Structure formats: structure tokens, C-alpha cells
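Student: The chain contents come next:
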Amino acid sequence: QVQLVQSGAEVKEPGASVKVSCKASGYSLTIHSMHWVRQAPGQSLEWMGMIYADSGDTKYSQNFQGRVTLTRDTSTNTGYMELYSLTSEDTAVYYCARDPTRTAYFDYWGQGTVVTVSS
Amino acid sequence: EVVMTQSPATLSVSPGERATLSCWASQSVGSNLAWYQQKRGQPPRLLLYGASARATGIPARFGGSGSGTEFTLTISSLQSEDSAVYYCQQYNNWPPLTFGGGTKVEIK
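Taken in order, these protein sequences are the chains called A and B. Take the first sequence: its letters are residues 1 to 119, numbered as in my numbering. Take the second sequence: its letters are residues 1 to 108, numbered as in my numbering.
To be clear, the hints were calculated from the coordinates, so they are not data collected in a lab. Among the hints, erroneous ones may be present.
Okay, the calculated bits of chain B under chain A, using three or more residues with CB under 8 Å as the criterion [as the list claims (entries may be wrong)]:
| id | region |
| --- | --- |
| 1 | 84-93 |
| 2 | 96-105 |
Listed next, the stretches of chain A that the computed footprint assigns to chain B, with coverage defined by at least 3 CB atoms under 8 Å from CB atoms of chain B [unchecked claim]:
| id | region |
| --- | --- |
| 3 | 45-52 |
| 4 | 60-70 |
| 5 | 102-110 |
Predicted model, so just to flag it, every value in this text is computed and none were measured. Each residue gets a CB set at the ideal place from its N, CA and C atoms; glycine is no exception.
Using the sequences provided together with the hints, build the complete structure.
Tutor: Encoded structure:
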């Protein structure tokens with residue numbers, strides 16, 4: 001069955017970077033694109049970007065342009081999200097999610113990774 | 001950017017009654033709208049896509065309608081397990097993909 005398992009919680013100081021992993025099972029990252037969405041405490045959902053299944057090309061929200069990098073390792077079927085120059089406003093739960101049909105909604109989600117930015 | 005607005009912010013409904021949630025888009029998104037349910041401490045769960053198509057395993061009491069800029073999620077007979085926050089998301093004009101602010105459904 002399809003599963004997305006993310007890496008554990010992180011605590012970072014302002015100015016640092018964080019890299020979150022998302023291991024997919026039950027399907028291939030070369031077939032279904034992976035998106036990343038974050039949710040600040042008590043807030044709605046915010047789309048960060050995606051990595052296309054076929055090409056590995058990426059597309060980012062302008063809100064994160066230049067501050068986030070999405071990559072993948074097809075040999076381990078794992079996606080990665082790295083966010084740089086962290087501030088307290090980046091404190092959030094970060095989710096990876098699968099796009100079922102290249103239509104950009106999400107049928108499976110990871111369990112979420114809590115990233116706390118604090119000095 | 002397409003701005004998604006949801007109403008009401010909180011909805012209190014008795015078990016067995018109908019719950020109606022609204023979502024508006026700042027410009028037409030056709031039928032490219034999804035609805036998610038999120039319970040506390042859990043990731044979102046896909047309920048509907050294409051404005052009205054139920055995702056796998058979603059009970060028939062969840063229904064969606066609308067197109068263009070106005071959409072509705074209806075829970076025909078509310079169950080206790082339906083207590084959650086519900087989000088709409090457009091995937092017609094992107095990037096960025098955008099979500100509404102959410103409607104919290106409480107059981108009376």
C-alpha cells in the first residue's frame with residue numbers, strides 16, 4: 001500500500017537550514033510527482049513546491065523562491081525538502097504529498113515533520 | 001494568485017443533521033477544486049476532487065458541488081467522527097496551489 005514516511009522533528013536556530021526527507025513506498029517517485037506543503041501552528045495549508053515525476057524538474061512557490069530546494073533520490077524512492085535561512089516564521093509542520101494524476105491535488109500525505117525555529 | 005475563501009469559520013451541527021460548507025475562489029477555477037478533512041494532529045485527508053468526485057473510501061454522505069468561483073461541501077448526516085477542519089484547494093491556476101482558510105466543524 002502507498003505510504004509516505006517523513007523524517008523526525010527538528011529544532012533549528014534562526015539562520016540555519018533544515019532538510020526533511022520523505023520515503024515513499026507502494027509506488028515510484030518516477031510515476032507520481034511529489035509536493036511539499038507546510039502548516040504553521042493554528043494556520044491553514046501553504047504550498048511550497050513540487051518535483052515532477054518524469055523529469056525531476058521542480059516548481060516553487062514565489063514565497064519560497066531561492067530559499068527552498070526540492071530533490072529526490074530515485075534509487076531509494078525518497079524525496080527531500082531543504083529550507084534555508086530559517087526564521088521563527090518557518091516554525092511549522094512540513095508535509096510531503098503525492099499527486100495521483102498530474103493534476104496537483106493530493107491523495108496521500110506523509111505524517112508531517114515538525115520544524116521548530118528558536119534561539 | 002487565486003485566493004480561496006471559506007465560510008463559515010466554525011460550524012456547529014448536531015449529529016444526523018446536514019452540514020454545508022462554502023468555498024469561493026477569487027477567479028474561476030473551473031471544476032479543479034479539492035476538499036480535504038484534517039483532524040487534530042493528523043495530515044489532511046482527500047475527500048473530493050474535481051469539485052464533486054469522492055476519493056477512494058470516502059463515505060457517500062460527503063458530497064460536493066459547484067464550478068467556477070463558488071463551491072459547496074455537504075455532509076448529509078453528520079457523524080461524530082466528522083468533527084474536523086475542512087479545507088478547499090484549487091489546482092486550476094498555479095503555481096501557486098492555494099488553500100482556503102478552513103472551516104472547523106464541531107458536533108453540537
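Student: Confirm or reject each hint.
Tutor: Here's how the hints hold up against the structure:
1. Counting residues of the region 84-93 of chain B whose beta-carbon sits less than 8 Å from any beta-carbon of chain A gives 3, enough to reach three: the coverage restraint holds.
2. Counting residues of the region 96-105 of chain B whose CB lies closer than 8 Å to any CB of chain A gives 7, which reaches the minimum of 3, so the coverage claim holds.
3. Beta-carbon proximity to chain B at under 8 Å applies to 4 residues in the region 45-52 of chain A; the threshold of 3 is reached and the given coverage holds.
4. Three residues within the 8 Å Cβ limit are the bar, and the region 60-70 of chain A against chain B gives 4, so the coverage statement holds.
5. Only when three residues or more bring their CB closer than 8 Å to a CB of chain B does the claim for the region 102-110 of chain A stand; here the count is 7, and the claim holds.
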